[in-house]
Amino acid sequence: MRLNLVLTLAVLGSAIYLVHVQYESRRLYVELEKAGAQARKLEIAHESLQAEKRAQATPLRVEKIAKETLQMRTVTPAITHYVTVKEGAKP
Amino acid sequence: MSRSVRYGASPLLASPTPVWRSKFIVAAIALGFAVLAGRAAYVQVLGNEFYQRQGEVRFARTLELPASRGRIMDRHGLVLAYNVPAPSIWAIPEDVNATPAQLAQLARLMEVPLPELQKKLADEDKTFVWLKRQVSEPVARQIAELGLKGIYERKGYKRQYPDGEAAAHVVGFANVENLGQEGVELTFEKQLSGRAGSRRVIKDRLGRVVEDVREQVPPVDGQDLQLSIDSKVQFFAYQKLRDAVIEHKAAAGSVVVLDAQSGEVLALANYPSYTPDKRVNLSGAQLRNRALTDTFEPGSTMKPFAVTMAMDKGLVRSDSMIQTAPGRLTIGGATISDAHPQGLLSVAQVIQKSSNVGTVKLAMQLQPKEMWEGLAQAGFGQKPNIPFPGAVSGRLRPHKTWRPIEQATMSYGYGLSSSLFQLTHAYTVFARDGDLVPVSLLKTTEPVAGVRVFQDKNATAMRQMLQLVTQPGGTAQKAQTIGYSVGGKTGTTHKQEGKGYSAKKYRGFFVGLAPIENPRIVVGVMIDEPSNGRYYGGDVAAPVFAETVQQTLRMMGVPPDMAVKPQIVTNPVAESF
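In order, the protein sequence lines correspond to chains A and B. If you use this note's numbering, the first sequence closes out at 101, no skipped numbers anywhere. If you use this note's numbering, the second sequence closes out at 619, no skipped numbers anywhere.
A few of these clues could be false.
Reference listing, derived: stretches of chain B covered by chain A, where coverage requires no fewer than 3 residues with Cβ under 8 Å from a Cβ of chain A [unchecked claim]: (1) 124-130; (2) 200-214; (3) 242-251; (4) 265-278; (5) 522-535; (6) 593-602.
The calculated lysine-lysine pairs, modelled on DSSO-like cross-linking and capped at a C-alpha distance of 27 Å, are [what the hints assert, rightly or not]: (7) A:LYS51 x B:LYS191; (8) B:LYS274 x A:LYS74; (9) B:LYS274 x A:LYS63; (10) B:LYS245 x A:LYS44; (11) A:LYS77 x B:LYS520; (12) A:LYS74 x B:LYS291; (13) B:LYS607 x A:LYS96; (14) A:LYS74 x B:LYS320; (15) A:LYS63 x B:LYS200; (16) A:LYS44 x B:LYS200; (17) B:LYS320 x A:LYS63; (18) A:LYS44 x B:LYS191; (19) A:LYS77 x B:LYS274; (20) A:LYS51 x B:LYS197; (21) A:LYS63 x B:LYS485; (22) B:LYS197 x A:LYS44; (23) B:LYS291 x A:LYS77; (24) B:LYS197 x A:LYS63; (25) A:LYS77 x B:LYS607; (26) B:LYS245 x A:LYS51.
Facing chain A, a subset of chain B residues (Cβ under 8 Å, in silico) [said to hold, decoys possible]: (27) LEU120; (28) VAL121; (29) VAL606; (30) LYS607.
By construction, these hints were calculated from the structure, which means they are not laboratory data. Given the structure is predicted, the values throughout are model-derived calculations rather than measurements. Just so it is clear, CB atoms sit at the ideal spot from N, CA and C, and this is done for glycine as well.
The following block holds chain B by itself, in its conformation from the complex (with noise of 0.2 Å):
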């Protein structure tokens, strides 16, 4: 059944509704859209940039694309200095809820005191610190592994130097931020480090790239270094000098070996030396490239250039005869002496017995201007040209102001002075015919061409009265070797210390060359305060210079040049190395 109701009819509902009540309504609705309409086309036209640009901070990141250091080579392409992976571990304090166990365990881990640990944890208004900076991989792991909430790590990574402090003076180190500091690292700074590149990402709400927003720019690697030192070189001679200034009881020593034909360094040491691994608690004195940086005057090495300048001057020859007796001689009220007096000599025998008068009495022949343009020649007053901190010039004093006892005192290397570095370098044109080889720490293969400081034949004459002073009657026979002929000269001089001389303290040094006939290497040898009674060069840098000598040329294979009685090996004798 159904029944209908006429609702309309009804006059309790029939209301008299205005007309524009329902055109309002439409109105409002048709505004509301117009809105809504006007803000979609802000947001999607004219807003557009600034919506996007704040999706964008919200999700596109920049990452950043580090570039490897350059590794450092020896001549033979053995690694010198490396990269390792080291992230270092940083934490919010705030968020670190770790148990006292836990934190030890940290502690532990990374080597860190605990108590250390604990207040670095205990601010709690910091958002970051760094905990331990570069850690080996394995420690990071297992800090990973510990699970605690706040600590996190951050990839990077750090320098190897596998032939720590034999090396370290040469190579130098890379702080942790791998910006160098010292040797090399510092000097080639700009190649080695390369440029970090960049790259713009989008990621997603995981933290996962999704999406390369442009073009990365990729990062350019440091390039890697291959140097002029030969890595057994390097060592032997290291350990050579060590076990010299132990045994002398010295306070130091360097050794230079320069490779006679092009100039290459191949190697260069100082003891005391470092890890360059292990930086703690690092002296000036462990760091010091004394080769470098130390200069001291030559004394009886400077003698070969005063000897070879007067018979370029055409005033002397090699079989000349001298009259050094009585063993002293005065010039402007300073007397010069020879330590062991000798009577006739011939300039050989001066430079073999290293007479001081007979030296003086050649140089004086020479013009002030002409002895110091053949000496800056030879590189003495002037930077070595090597590119490394701190590397002197040394003290060569203008010619006009020179006195004619302090041109006297030069000639047997008083009054000036420099490093061993410079004073090696300078043996270099005795090794050479005369002329004067541009050093080098990278890695050569072009032919170079030497300055020439004096003539050939001269040069050649000098390397026999350098090869007379290591036989019998010359002042280093210890300076002698196995198959090889060896020349070379020493040096012993009093340090100076305030204004004058010490009377105990010494220096002793050897530079020479072998092979005497085609010599391919110079070698120089410092020894500092010997304090075990022996103080000569002859006696304490001599045996350094012989036995580095000896494994240099092996090691370059360089055929022996003297006969050698050869020792059958029925009773191996221990020997040292």
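Chain A on its own, in the form it takes in the complex (with noise of 0.2 Å):
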């Protein structure tokens, strides 16, 4: 008689045991959900500036500034100077 009461509780606190269990696998799960969905925004945004970076160095850009803010001038062989590397030597 009285194991069967001991076993009844032990069942009992198990089975609430199990619930709370649960429920903090959910919560948990839940946690890691959000934590992948902040890593995928930050990715986004990641790429997103990459793409930006890209953006603001396209030869279109590059070449309108060069030109127009900076003077620049587009090399000729005729105003450069081409050095030859010995053998062996390092580069």
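Using the hints, put the two standalone chains together into the complex.
Set out below in structure tokens:
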């Protein structure tokens, strides 16, 4: 009789613990999801920034700034000094 | 004080209850329990599956995990097409109860005319209506901040093309559903698009994901593509082409730059072009990838092929003499003439002066079959082996149907047609000592083997002749560059109109290679309908060739092969780029 009582209590306790564990696991899962979403968001932001960086460096823009703001001009062999690297010399 | 009443003894209360009644009650209660037990057994054992499914329907959701589209990069890894987040705004018209002021603000944020927005929201029978596809992220955030009921956003991505119109015809574009529509985006759709994944999850009442029901299928992202295009060369070639088309008031133009050693396409540009990010009111003229889809009669640029074939057959050498006087030749009743009649010319001079009569005299000594084979091997009349939408094969009729006069006109480029891409590709046989290299739009690292068309000594000899064209006495002195030796051939043809040739509409082009000794690049330039006075290929196309070659070789790090008089930079001269 007493043993039955102990076993009943044990079953009850375990059942309640199961519910708690289930709850805890879902809560943690939600946390994980949140963190995952955050990671994705940051990844996208990273990519966007990379893209923006690239957009700032298109040949069109570089060319325009070099010519108009910096007053640069295109290199030709006539204004280039060619240096021959000797065999075995470090580049 | 207590008083007890013995009710049981009261005769009034002594009910003669029959025993069956109490038994009946017990039986009824027992039956009730039995029904409950049966129901419980049914729900938990027999109908279990059904109820589990019903439960799942209420809480389980399948989420799509979108695959991101692969990026397109140039040969140095610079990005030509990438994805940016672009949410789409949608609404349930019935639920929207915004004030007119809020609606006006919404319309302004989305850049949609207010009446149009009102019209979209007027139809209350609909439960879903797109308000604006693919807005930028900051705009979406501002719309969310308005806090309007019934207005939602859906995540999505759109393609961005940083190089804009310069690379538009190569890269193409993808539509609002992220499906490739043109160019590389269309050709390599399969590799780029990837495959969406999915996961089955349980959501709680707040819509949070609390559990995965089964293993998720991860999305397969699209592959990144690395093209053979060099975005700097591409940009430069496009810019020079555009300037030339505008300067000569031409209808259009194309330029193709091929790497002579690997067969890679370094640049391919057309003008007019379009901005792939803003595709509003596009015309066919802007969209057309002329270098690949438009064919024309190649004119004088064909002469090197006929002449090299004659040399291959052992009929002549580059210093053999040919009489071209009096500048006319009659074949089968038709007369072929030179624009500038010459006298006795060497084979090299026939090319240099672009003599029709001299070329025809050589070509007529070839069998039609030989000539056809030579041209077909060089790629004429064959679809270029490049996976591009709309690439055409041009026209080269079977040799059995050739009449002598047709064979004659074909030797100087009339009566057959090709695209600028084919023509440029064909010139790789001269750049590569006689073999034709397969072209590639994707970056290649392995060495490629060509198919032999001409003997190497004749291809090399032809290169020397092509160089003469750009030197004093040649037709394309404007093709010269500073520091690099170049060679090539001009072409100027009357445009076909209906059945005949237009008297006033021309096409000027130039195909050439550089440097002469060890060619690295082959460049073809075509200017369509130049109408500002000059129209010769040597005048309109050769300068574009020169500037493109100059910059491309410099960017490739090719040392100059000609002596250059150094200019001292004391007084900087405004130089056109």
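Verification of the supplied hints:
no.: 1; hint: 124-130; in the structure: holds (count 4)
no.: 2; hint: 200-214; in the structure: holds (count 5)
no.: 3; hint: 242-251; in the structure: holds (count 3)
no.: 4; hint: 265-278; in the structure: holds (count 4)
no.: 5; hint: 522-535; in the structure: holds (count 3)
no.: 6; hint: 593-602; in the structure: holds (count 4)
no.: 7; hint: A:LYS51 x B:LYS191; in the structure: holds (25 Å)
no.: 8; hint: B:LYS274 x A:LYS74; in the structure: holds (14 Å)
no.: 9; hint: B:LYS274 x A:LYS63; in the structure: holds (17 Å)
no.: 10; hint: B:LYS245 x A:LYS44; in the structure: holds (14 Å)
no.: 11; hint: A:LYS77 x B:LYS520; in the structure: holds (25 Å)
no.: 12; hint: A:LYS74 x B:LYS291; in the structure: holds (24 Å)
no.: 13; hint: B:LYS607 x A:LYS96; in the structure: holds (24 Å)
no.: 14; hint: A:LYS74 x B:LYS320; in the structure: holds (21 Å)
no.: 15; hint: A:LYS63 x B:LYS200; in the structure: holds (17 Å)
no.: 16; hint: A:LYS44 x B:LYS200; in the structure: holds (25 Å)
no.: 17; hint: B:LYS320 x A:LYS63; in the structure: holds (20 Å)
no.: 18; hint: A:LYS44 x B:LYS191; in the structure: holds (25 Å)
no.: 19; hint: A:LYS77 x B:LYS274; in the structure: holds (16 Å)
no.: 20; hint: A:LYS51 x B:LYS197; in the structure: holds (12 Å)
no.: 21; hint: A:LYS63 x B:LYS485; in the structure: holds (24 Å)
no.: 22; hint: B:LYS197 x A:LYS44; in the structure: holds (17 Å)
no.: 23; hint: B:LYS291 x A:LYS77; in the structure: holds (25 Å)
no.: 24; hint: B:LYS197 x A:LYS63; in the structure: holds (23 Å)
no.: 25; hint: A:LYS77 x B:LYS607; in the structure: holds (24 Å)
no.: 26; hint: B:LYS245 x A:LYS51; in the structure: holds (21 Å)
no.: 27; hint: LEU120; in the structure: holds (7 Å)
no.: 28; hint: VAL121; in the structure: holds (5 Å)
no.: 29; hint: VAL606; in the structure: holds (5 Å)
no.: 30; hint: LYS607; in the structure: holds (7 Å)
Violated hints: none; the structure is consistent with every hint.
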